[in-house]
Amino acid sequence: MSENTLSGGLGGAGATAPGQPGAPGSAVGPDGEKGAGTDIKQSASKPRSLMRRVWGQSEGRVGIILTAIIVLLAFLGPLLAPLVTGYSPTEFADRPFQPTGPFGTDDLGRSVASRFMAGGTLLVLYSVAATVIGMVAGAVFGIVAAYTGGTVDAVIMRVNDVLLAIPQLVFAMLAIVVLGPQGWVLILVIGLTHAPRIARVARAATLSVINEDYIRAAEMYAMPRSRIIFREIIPNITGPLSVEAGLRLTYSIGSIASLSFLGLGMQPPAADWGLMINENRIALSVQPWGVILPVAAIAVLTIGTNLLADAIARANASTNVGNA
Amino acid sequence: MMKLVVRRLVLSVFILLAVSILVFAATLLLPGDPARAILGQQATPERVAALSSQLNLDQPAVVRYFLWLGGLFMGDFGTSTSFGGPVSELLGDRISASLVLMVLAAIVSIPLGLGFGIWSALHRGGKRDKSVTWVSLTLAALPEFVIGIALVTIFATSVVQILPAVTMAPPGTPVWTIPSQLILPTITLALVVAPYIARMMRATMIDVLDSGYVEMARLKGVPERQVILRHAVPHAIGPVAQVIAIQLAWLAGGVVVVEFLFRYPGIGQALIDAVTFRDVQVVQAVSMIVAVVYVVVNLLADIVGIMANPKLRSAA
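Here the protein sequences come in this chain order: A and B.
At position 174 of the first sequence (counting the first as 1) the number is 198 in the working numbering, and the numbers step up by one without a gap.
At position 36 of the second sequence (counting the first as 1) the number is 31 in the working numbering, and the numbers step up by one without a gap.
Treat each hint with caution, since some may be false.
Stated by the list, open to error - Looking from chain B toward chain A, a few residues come up when the C-beta cut is under 10 angstroms (computed):
#	residue
1	Leu4
2	Val5
3	Leu11
4	Val14
5	Glu139
6	Ile144
7	Gln156
8	Pro159
9	Thr172
10	Ala244
11	Ile267
12	Val278
For the record, the hints were derived by calculation from the structure and aren't laboratory data.
Bear in mind the structure is a predicted one, so any value in this text is a computation, not a measurement.
Where is the CB? At the ideal position from N, CA and C, for every residue including glycine.
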């Protein structure tokens, strides 16, 4: 779960097996997967949609299913919780750490099942919001840096270096100590700390397409720069950017859950998985459900999104379009 | 080559200076009177006034920045508002405790990552390779506290109880007096870091195994064991060194959650306590220490990269 790592290593080089013979029309083929041969043949003539190529891999399928299970739980859970257990997430059910109800009670005697079912909504929403903010900011700065070049590029990349010198969680704590643990602070600080890492990827991807003929042609037609960026560059770097989005979503979930676990994210009495783990871990040996359920949910969600990101990377590698 | 190294060195100094401005600017963002914001609404006017003069709040921000920065160079990190004493005293033992944990994690994770990377590259496409890929993808996805709690559940509480779940050394004694309490935090960090090393090692090892000189060595009849150990691995290690450095630098921030989970008396634990008590000076000091570790490790990695690259090495 360490950020700032090889988005390329997870996707590009790590996922492909060079030297696989018989891959017409593509430099690299997805390794080891069943049906790889037919994938490549089809992509040589007409690329299948990204979604279908992702679904065509076992990793992609498992990733999508795991993610979907937790997202459904996160959004339907709060509605179903009172119906299933009879208690709202903040209501007193029994004495603390008793085995009453489906999964017992927590440190303040609330129903663990209710809190578990209600505890994923904010985590998912915050993570997605942080990822979107980071992707937009990072992509804008990365593309502008690569396309403008010169001083602008140098300044943006140096600012990047400075921001990268502070680890994400430490940066988040610096923001929280000053501004307090509020929702918008969490979303903004996690999103903005993703931005420099995403900007690097966006810049590299843009540099790889910037000298293509279609960009030259657009420049010759005196197409405005903003239009070139939106119409010519962005559609051709969606591959690496979608891989990055998947990875950053995984890291956003991890960071926000970690902050809640540290008591610096979601604040009581909110029902939240990270916070639940913090509240109930003193009773891990007598009433483990209050810890195990949220830990399992976070684990399944992050594994799902990471498998998905890896599958997208492989799917991109098999068409080799704008793959940085 | 020296030119490149010096340039990287100068750049690192500038990065750290910029980071210090950023970290210092945090105090400027405190709403209203910083002293009042730090101490809270119940603070007496005398305490607020004392803290104001301690923070040099009567001076303009630029002067305060240089006073703070000058203090950092002389080991004066300011005064902790929640503990009362100087920050350097509070952090002294904790820095060494955190470094012990980071070094142990590095010692465990690097051979583990390299070993599994090589092993899965040698069985490329097979069942063993696939299982390493799945396990590393899974571990890479998990937040560190999830891995830590899973280990605590298995080894310290619910399944078997053979290792301590939290740090047991009384405050003031060095953490290594009870070695068993170091095991779970070390394994947790190692399991977070090793998958990235393994994946990178696998990728470069596969490239190297397909190269001409490995084929040449095989064709002339060099034993397979020697092909791998003498010809392939040394060439694959170069690019992986950079990834290892990034991971080690990441440990500087990654210890925070793990220390909290195991109540380990390091700087990460100090950082979380400080954030909880809004002890801004401690947070600033820890942020700077972590940034220094991060920048220095990255600088070393770049220098190793420059030295290892024959093209750059020969260029004067």
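Hint check, failures only: 1, 2, 8 and 9
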